[in-house]
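Engineer: Spelled out from the first residue to the last, the chains are:
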Amino acid sequence: DAMVIQNPRYQVTQFGKPVTLSCSQTLNHNVMYWYQQKSSQAPKLLFHYYDKDFNNEADTPDNFQSRRPNTSFCFLDIRSPGLGDAAMYLCATGRRRLAGETQYFGPGTRLLVL
Amino acid sequence: SQQGEEDPQALSIQEGENATMNCSYKTSINNLQWYRQNSGRGLVHLILIRSNEREKHSGRLRVTLDTSKKSSSLLITASRAADTASYFCATDAMGSNYQLIWGAGTKLIIKP
Chain A
840 DAMVIQNPRY QVTQFGKPVT LSCSQTLNHN VMYWYQQKSS QAPKLLFHYY
890 DKDFNNEADT PDNFQSRRPN TSFCFLDIRS PGLGDAAMYL CATGRRRLAG
940 ETQYFGPGTR LLVL
Chain B
4 SQQGEEDPQA LSIQEGENAT MNCSYKTSIN NLQWYRQNSG RGLVHLILIR
54 SNEREKHSGR LRVTLDTSKK SSSLLITASR AADTASYFCA TDAMGSNYQL
104 IWGAGTKLII KP
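Chains A and B, in that order, are what the protein sequence lines are.
The opening position of the first sequence corresponds to residue 840 in this note's numbering, with each subsequent residue numbered one higher.
The opening position of the second sequence corresponds to residue 4 in this note's numbering, with each subsequent residue numbered one higher.
Bear in mind the hints are in silico, worked out from the structure with no lab data behind them.
Model, not experiment: these values are computed from the prediction.
Accuracy of the hints is not assured; some may be wrong.
What the hints assert, rightly or not - Below are the DSSO-like pairs computed for lysine-lysine, each with C-alpha atoms no more than 30 Å apart in a straight line:
{"no.": "1", "chain 1": "B", "residue 1": "K110", "chain 2": "A", "residue 2": "K883"}
{"no.": "2", "chain 1": "B", "residue 1": "K110", "chain 2": "A", "residue 2": "K856"}
{"no.": "3", "chain 1": "B", "residue 1": "K73", "chain 2": "A", "residue 2": "K856"}
{"no.": "4", "chain 1": "A", "residue 1": "K856", "chain 2": "B", "residue 2": "K29"}
{"no.": "5", "chain 1": "B", "residue 1": "K73", "chain 2": "A", "residue 2": "K877"}
{"no.": "6", "chain 1": "A", "residue 1": "K883", "chain 2": "B", "residue 2": "K29"}
As the list claims (entries may be wrong) - Pulled from the structure, derived: some chain A residues nowhere near chain B, Cβ distances all over 12 Å:
{"no.": "7", "residue": "R907"}
{"no.": "8", "residue": "T910"}
{"no.": "9", "residue": "D916"}
{"no.": "10", "residue": "L953"}
C-beta: ideal position from N, C-alpha, C; glycine also.
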């Protein structure tokens with residue numbers, strides 16, 4: 840089945856130690872999104888790729904970076920995680936970059952910062 | 004950032020009853036989507052309703068949209084334990100052709 844896969848499902852890192860979360864998709868969608876979701880809150884868009892074009896949201900901290908080496912894979916790098924970065928990180932894809940398009944989400948990676 | 008509002012924040016009902024969740028938003032929209040999120044999982048798209056539509060059905064789901072009141076409701080009929088989840092509405096955002104504005108979500112618990 841076509842799907843969005845996130846690894847790992849749970850990630851524990853130390854304060855200040857760089858961490859990378861990964862996302863892959865078999866949907867062949869042009870758009871890949873990264874969201875941060877804290878407990879009992881709505882998802883917050885960090886950035887997205889439209890094909891190879893990277894789009895950062897204005898309020899996304901510089902600590903967060905992303906890479907998309909090919910259509911299928913996208914990575915979220917947190918250069919120096921702080922305690923406030925503990926959250927669920929959701930990857931989503933979309934066929935077109937339109938707000939009216941369905942977004943397909945992966946199961947998420949829960950990040951714990953010690 | 005601008006955000007839709009959902010009510011109630013939490014809803015607990017008996018299995019078999021109907022569940023209604025509401026979403027209000029602040030600006031004109033082109034479309035509104037509803038997503039479900041099971042505990043600790045990603046979101047799953049349920050239904051999209053466009054601004055020129057008033058009601059849409061999908062299985063046990065019924066969504067209404069009242070653009071004059073800037074509100075939408077999601078009705079789940081004959082609820083099942085598997086419907087236990089958080090439900091989010093999301094609208095398109097003014098000035099952006101791609102960004103979604105998410106509601107805070109309604110946590111629905113179906114008691115067996």
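Engineer: Against which earlier hints does the structure fall short, listed by number upward?
Structural biologist: Hints 2, 3 and 4 contradicted; others consistent.
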